[in-house]
Amino acid sequence: MDDDLNQLEQVLRDRAAEVPHVQDVPPRMLVRARRRVARNALASVLGAVLIVAGASAGLGALHGPGGTLPGTSGSSAPPSTACAASDLQGTVSLEGAMGSVEGSIDLTNVGGATCTLTGRPAVSISDAQGNDVRVQVIASEPQWKANAAPQPRGWPVVSLRPGSAASVRVRWSNACPQLSGPVSWKIDLGNGAGTVDASSADASFVPPCNGPTDPSTLEVGPFEPSAGA
Amino acid sequence: MTEGEGGRLAELYVRHSAEATRLAYMLTGDRQLAEDLVQDAFVRLAGRLVHLRDPGAFDAYLRRTIVNLANSHFRRKRVERSYLDRTAAEPPRVGDAPDTGRRDELWHGLQRLPVRQRTAIVLRIYEDLPEQRVADILGCRPGTVRSLVSRGLAELRIHVRSDGDG
Chain W
1 MDDDLNQLEQ VLRDRAAEVP HVQDVPPRML VRARRRVARN ALASVLGAVL
51 IVAGASAGLG ALHGPGGTLP GTSGSSAPPS TACAASDLQG TVSLEGAMGS
101 VEGSIDLTNV GGATCTLTGR PAVSISDAQG NDVRVQVIAS EPQWKANAAP
151 QPRGWPVVSL RPGSAASVRV RWSNACPQLS GPVSWKIDLG NGAGTVDASS
201 ADASFVPPCN GPTDPSTLEV GPFEPSAGA
Chain A
1 MTEGEGGRLA ELYVRHSAEA TRLAYMLTGD RQLAEDLVQD AFVRLAGRLV
51 HLRDPGAFDA YLRRTIVNLA NSHFRRKRVE RSYLDRTAAE PPRVGDAPDT
101 GRRDELWHGL QRLPVRQRTA IVLRIYEDLP EQRVADILGC RPGTVRSLVS
151 RGLAELRIHV RSDGDG
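Residue numbers (the numbering used here), protein chains in the order written: chain W, 1 to 229; chain A, 1 to 166.
Fair warning: there could be bad hints in the mix.
[To be verified] For each label pair, taking beta carbons as the anchor points, the in silico distance ranges come out as:
hint	chain 1	residue 1	chain 2	residue 2	range
1	W	Arg28	A	Gly143	37 to 45 Å
2	W	Arg153	A	Arg48	22 to 30 Å
3	A	Arg64	W	Arg153	24 to 32 Å
4	A	Asn71	W	Gly130	40 to 48 Å
Hint data in this document are derived by calculation from the structure and do not stem from the laboratory. Note that CB positions come from ideal geometry on N, CA and C, so glycine has one too.
Next comes chain A alone, as it looks inside the complex (with noise of 0.2 Å):
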């Protein structure tokens, strides 16, 4: 890598590191694990930089490498259960403010999904995305959208009220 190559990778991530780690984060409930895998997406795109002809597409090609990066995590490591285990005991916050535990009961929910229908709703409703970009993202047409995202909000529900009853 050049000195200009690193000098635009390193300007690319002042510019884009901070709303990537945000959906890293919202996609794995972990800052730490969405920074590295952040740091993980740079380093796969450092070398397609030079083939990357249209910079307005940096920032959907980092998306869809954070995705999958989230994915194979998961996948990979074989953690969900463990983390889903972990998260679910850990007993919800409860702020000063009447809606904190709500709140936290709905962030817990969140991770606690199958990591697709996580995925479908953060990239919905977080990075309000068309259902049709969603689709390209997850390799699955815009129904399935529509239904990960319907079935993901209805677990949540279920989730969020069987933790408040107990």
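Bound-form chain W, shown alone (with noise of 0.2 Å):
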């Protein structure tokens, strides 16, 4: 049966590799995303109206002669400032797993302010020559989750102060043809934050080509504070 098994999942992995990896954004899809949001926000509109109205009546009664509402006022949190890429300097750090590459990215924040980091950067690597190196990437849980650990105070939002480090995590695996490295790493941060060029001595190290025609697979993990800030 195991080579029942084996067969089966060589030919979903074969069926797999007929999907384009990169597929272009239809716009049509977009229209009707839209469509459907400002259905649901009309929707929420509706009910917050009726959520105020009954919020103003129960507020008036607690309001009444003799009542206090203490804590309601001044909640709000203070604003944060997203990290740009010129307030973070990249380090990979990568071990050799099994048929792959594994560790972090840790960016930390050599500016001169606080700053905040969240969700999932845009990951790529580039060749000696400077080319890009095609991945499938993949979302990945985080450290603390894959480790069970408490979820860090805070996450998603990874606030760092001067000196402190944000951790990405990422395992790469079955790199063809062969890469005989060095190669790059950039950390696009999203939202036009800008990309950081992250490098190491380990940057050289590139996982085995396990199967030509399988794809190289980049998996990528949100940002969260490192284990070593």
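Reconstruct the complex from the two isolated chains, following the hints.
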């Protein structure tokens, strides 16, 4: 049965390979999405009107003679500034794993003020000639979740004081044809915040080519506080 | 939807649509249908992006949405039977490689399985998800996932053998 399972798995991988790695965003999908969000927003506004009406009535009752309502003002969070690429210094730390290389990209705040990182960066790799290495990016869970550790305070927002670092978990597999290194990593922070070049002695670490017909995969986790920070 | 939200949806599509289309293709056996299901899934998720505080959870949301849409497609359209009849009538493609015929039989056999068995097999074998995660997606117990996979594989072997005999 093991043979059957292996063969079935191979069949599925072969069929998966028929689907192109990168797909253009269909304009029609965006139009449909906008319509749907507009419908939802209208429903939310109607719901909010009902809730506000109900809350006003309740507050009116609480603020009646002798009524107090502590702690309802000044509770809004202080504004935070998103980190710009120029605030950050990137380092890649990788080690070989079974058929892949894995580790983290650490981004240290070298600016003078606290800033925040949220979400998952777009990570790309280029070879020694500066050509993009084609990888299929797979979103993976953060290291703290993989370790079944408690959720870091404030996550998914990672707040970086000057000198502290955020980490992005990465695992890269099956680079074909075999790369001889060195490679360089680029981390696009998203939302127009810019791109950080990350390098280190380990940046020449590349995974083996295990399946020439299979895609090279790059698992990328979201920003999280660096374990060493 | 603001321009920023539209941009975020487009960015998520670029990152996740290929993998989502592969999953939908495994579940439906039909590339065009798979692409349609993936677009439907993104349209659905567009309305929830604001509430999706954990960006790392997007792929899990997307996977669950694809599975649900594939299931409801087969249920709503009642096409499973006609689709099965159609694929059963297709002669297996035979290529140059000696194993190609058997591989096609496995693929067509998989598409002939009941949708829950097929989904359990694809999530366990192709997506390599643990039983508990598959159980969460299918809304059943891990033991049921084990049984769906094992019965599906047994049926698949029968399909392939009988095709091979015939």
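Cross-check of the supplied hints:
no. : hint                              : verdict
1   : W:Arg28 with A:Gly143: 37 to 45 Å : holds (42 Å)
2   : W:Arg153 with A:Arg48: 22 to 30 Å : holds (25 Å)
3   : A:Arg64 with W:Arg153: 24 to 32 Å : holds (28 Å)
4   : A:Asn71 with W:Gly130: 40 to 48 Å : holds (46 Å)
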